[in-house]
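A.B. asks: Spelled out, the chains give:
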Amino acid sequence: MLAVGQLQAAETLTIATVNNGDMVRMQKLTDDFKAKNPDIDLQWVTLEENVLRQKVTTDIATKGGQYDVLTIGTYEVPIWAKNGWLNPLDNLGADYKVDDLLPAIRGGLSADGKLYASPFYGESSYVMYRKDLMEKAGLTMPDAPTWDFIRQAADKMTDRANGINGVCLRGKAGWGENMAFLTAMSNSFGARWFDEKWQPQFDQPEWKNTLQFYVDLMKADGPSGASSNGFNENLTLFQQGKCGMWIDATVAGSFVTDPKASTVSDKVGFALAPDTGLGKRGNWLWAWSLAVPAGSKKVDAAEKFIAWATGPGYLDLVASKDGWANVPPGTRTSLYNNPAYTSAAPFAAMTLASINAADPTHPTVKPVPYTGVQFVAIPEFQGLGDTVGQLFSAALAGQSSVDDALKQAQDVTTRTMTKAGYIK
Amino acid sequence: MATVNTRKLARAMLTPSVVILFIWMIVPLVLTLWYSFQTYNLLNPATNGFAGLTNYKYFLTDPAFFQAFANTLILTLSVLAITVVGGILLALLLDQFIYGQGIVRILVISPFFIMPTVAALVWKNMLMDPNYGIFAWIATRFGIAPIAWLQDYPLFSIILIVAWQWLPFATLILLTALQSLDEEQKEAAGMDGAGFLSLFAFITLPHLARAITVVILIETIFLLSVFAEILVTTSGGPGYASTNIAYLIYHQALLDYDVGGASAGGVVAVILANIVAFFLVRIVGKNLDA
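Protein sequences, first through last, are from chains A and B. Be aware that the first sequence starts at 1, since it is given in the numbering used here, and climbs by one per residue. Be aware that the second sequence starts at 1001, since it is given in the numbering used here, and climbs by one per residue.
Don't take every hint at face value.
As the list claims (entries may be wrong) - Reference excerpt, derived from the structure (chain B facing chain A, CB under 7 Å, subset only):
1) Q1038
2) L1042
3) Y1058
4) A1119
5) P1130
6) A1148
7) S1235
8) G1237
9) A1253
10) L1254
11) L1255
In case anyone wonders, no lab produced these hints; they're calculated from the structure. Glycine included, each C-beta is placed from N, C-alpha and C at the ideal position.
Let the sequences and hints guide you as you build the complete structure.
C.D. replies: Structure (C-alpha cells):
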C-alpha cells in the first residue's frame, strides 16, 4: 500500500506558462488544486511570451518532452493540431462545461470539431476613448463606429500643444504587434493576406486603402515615434492622458480604468472596433490556452489540471480571493451573465460583443484558405508577419512610401510562400 | 631542454584536451554545414528533405541580405572609429593628474560592466524615448521638437549605444599603453622644442599603435555579431534599416524556425567574417609583428 501511495504521489506535471498577471495568480492558487488532487505535484516554468514561444515550439517540434502542460495561443493550436502534436482534450469532466465556452474562442481552439486546448483567458480588441475629449470635440462615440468617424474624431481631439494625440495605434514591428492590429484592420477594409490559391494580395487596392488610411491617420493624429510603440507603450500613453482614442486588446480595459494606474480612469468609454460597412470589423481574437502535447505519459493528470485551471470553478475561486474584477476574462458565457462580474467590470459587455464579432474560421470579406483573424495560421506566418510588420513600420516612420512597402511585402511574401511550397 | 621522451609524454598528455576541443568545435560546424543543405523547418516537418543549394540561394538573394551586410560593416567601422578616436582622447585626459582620478576612471570604465540588454533598455526608455526620454525633455526645454531616435535614425542610434559600451574598453587598453610610455622620451622631445601636437604625432601615437591594433581586432570580433542591442531597441527596423547579419540569422532561426535557412545564413556569416578577418590581419595585424 505504502509503495503504491508513493508511486502515485510521484506524478509531477511540468507546466510551461507565460508571465502574465493572470497566470502568476493561478500559480498562487494551486493549493486549491493540490488539496483536491494530492497525488499530483506541479512544477512551473514561467517565461516571458517570446521566450516561452521559442522554448515550447522547439521542444514540441523536436519531441523533447520537457513539458506536460503547455501554454499556447490561438495561433499555435490549429497548426500543431494539424501536425498531430497535441492531444485532443476529451476527458475534462462534466464540471468543465464545454458548451459554456464562447463560440468564437472554442472555434479558434478546435480542429475537426475537437477541442485541442482549453482557454485560460480570451481577448478581442476594441476602441478605448476619452469621454471628456469626445465631448469637448462636440462628438458622440457610437457603439459601432466607422473608420471615417474615427478619423474625424481623431482630427478634432488632437491637441499637439497640450501633448494630446487623437489616436494611438500600434506601430512597433512584429506579427503579434503592429501586424495583429493591421491584419485585423485590413479585414474590415476587405483585404486579405492570400487568395484561395495562396497568392499574396498586397498588390490589391484593399491593402493600399488599409495602409494608406493607417499611415495618414497616424501622421496627422498619432504620437511621435509611433513606429516604436507596441501594446505597452500605448498603454502608458493612454494612462497618462496622451491619447484621445486607443484601439487595442480588450484586456487593457481593466488597466485603463484602474485608478491606481491610470490618470484618466473615470473618463474612459468603450466601443466596438471600427468597420467600413463591408461586414467585418477591425477586431481580433486571441486566447492564451492550456494544451497537452501528444505522446505525453501524464495525460490524465494534465487534463485534471487543465479542467481545474480553466473550468468555471476557477473563476469562483479567483472571485472569492481577489474579487470579480480580477477573474480571467473572455472565455465563458456564464461569466458575462453573472451580474457580480458585469457590475465590477465596466468593459465587460463590450469585451463580449467584441469577441463575438470575430470569426476565426471566416475572418475576411473574401474567401481565404486559412483560419485566424489577426494572423494566418500557417507555420511561416511568424517570420512573414514580422518581416511585413517591419516594412509597414518603415512606411509609418516615413522611411518608405506606402506603395514601396506594399510592393516589398508582396515580393517577400511571394518568395517565402514559393520556398515553402505553397506556390508551385 | 626537453628530451624526446618528455616531448612524447607531453604530446600524449595534451592529446585528450586537443581532441575534445577539436570535437567541440568541429561538431557544431559540420552540423551547421549539413543542415544548410537540408529543407528543415521545425514547424513544417512534412516538407523536410535534401535541399541542395536552395537555402543559400534564398539567403543570398534575400532583399534584406545586402542591407544587412552593409549595416554590419557600417556598424562595425563606425563603432571602431568612435571608440578608437574617443578612446585615445579619453586616455590622454585620464593620464593627466586630476583630483578624484580613481573615481573618474571607474566612472569612465563602468559602461563596460553593464549587460548589453540592460544598456540598450536604458538608452531606449530613459534617454531616446521621444515622449519620456531625457533627450526629448532637453529638446523641449529649448523649444525644439523631440527626435524619435529609434524611428528616424535607427542605425545611428544603435551605433551610439554600442560605441558607448565599447568606449571604456578602448580607453582602458589605450590608457595602459599610454602609461607605459617612457617619461624621459617625452621630456627629451620637450627639450628639443616639440609642441603638444608633434609630441602626440611622433611619439605618443606610434607608441599606441600596437594597443590600437589589439582594440581593433578584439572589438571587430564582437561588433560583427552585435545582436542584443538591436533586438531590444529596434528589432532590426524600421524596414531593414538596422538589421545586421546576426539579426537576420536570428530571424530565420527563431521566428521562421527555418533551421536549414538559418544554417546557410550561419555558414555565409562565417565566410564573410573570415574575409573581414583576413583583410584586418593583413592591414592592421602587421603592427603586432613589430
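A.B. asks: With reference to the structure, classify each hint as holding or not holding.
C.D. replies: Hints, one by one, checked against the model:
1. Q1038: It is violated, given that the least Cβ distance between Q1038 (chain B) and chain A is near 13 Å, above 7 Å.
2. L1042: Nearest chain A Cβ about 4 Å off; hint holds.
3. Y1058: Holds. Min distance 6 Å.
4. A1119: Given a least distance of 17 Å, the restraint on A1119 (chain B) is violated.
5. P1130: holds, 4 Å
6. A1148: Nearest chain A Cβ about 3 Å off; hint holds.
7. S1235: Check passed: Cβ of S1235 (chain B) comes within 6 Å of chain A, closer than 7 Å.
8. G1237: holds, 4 Å
9. A1253: Hint violated; A1253 (chain B) Cβ to chain A Cβ min 9 Å, cut 7 Å.
10. L1254: holds, 5 Å
11. L1255: Because about 4 Å separates L1255 (chain B) from the closest Cβ in chain A, which is inside the 7 Å limit, the hint holds.
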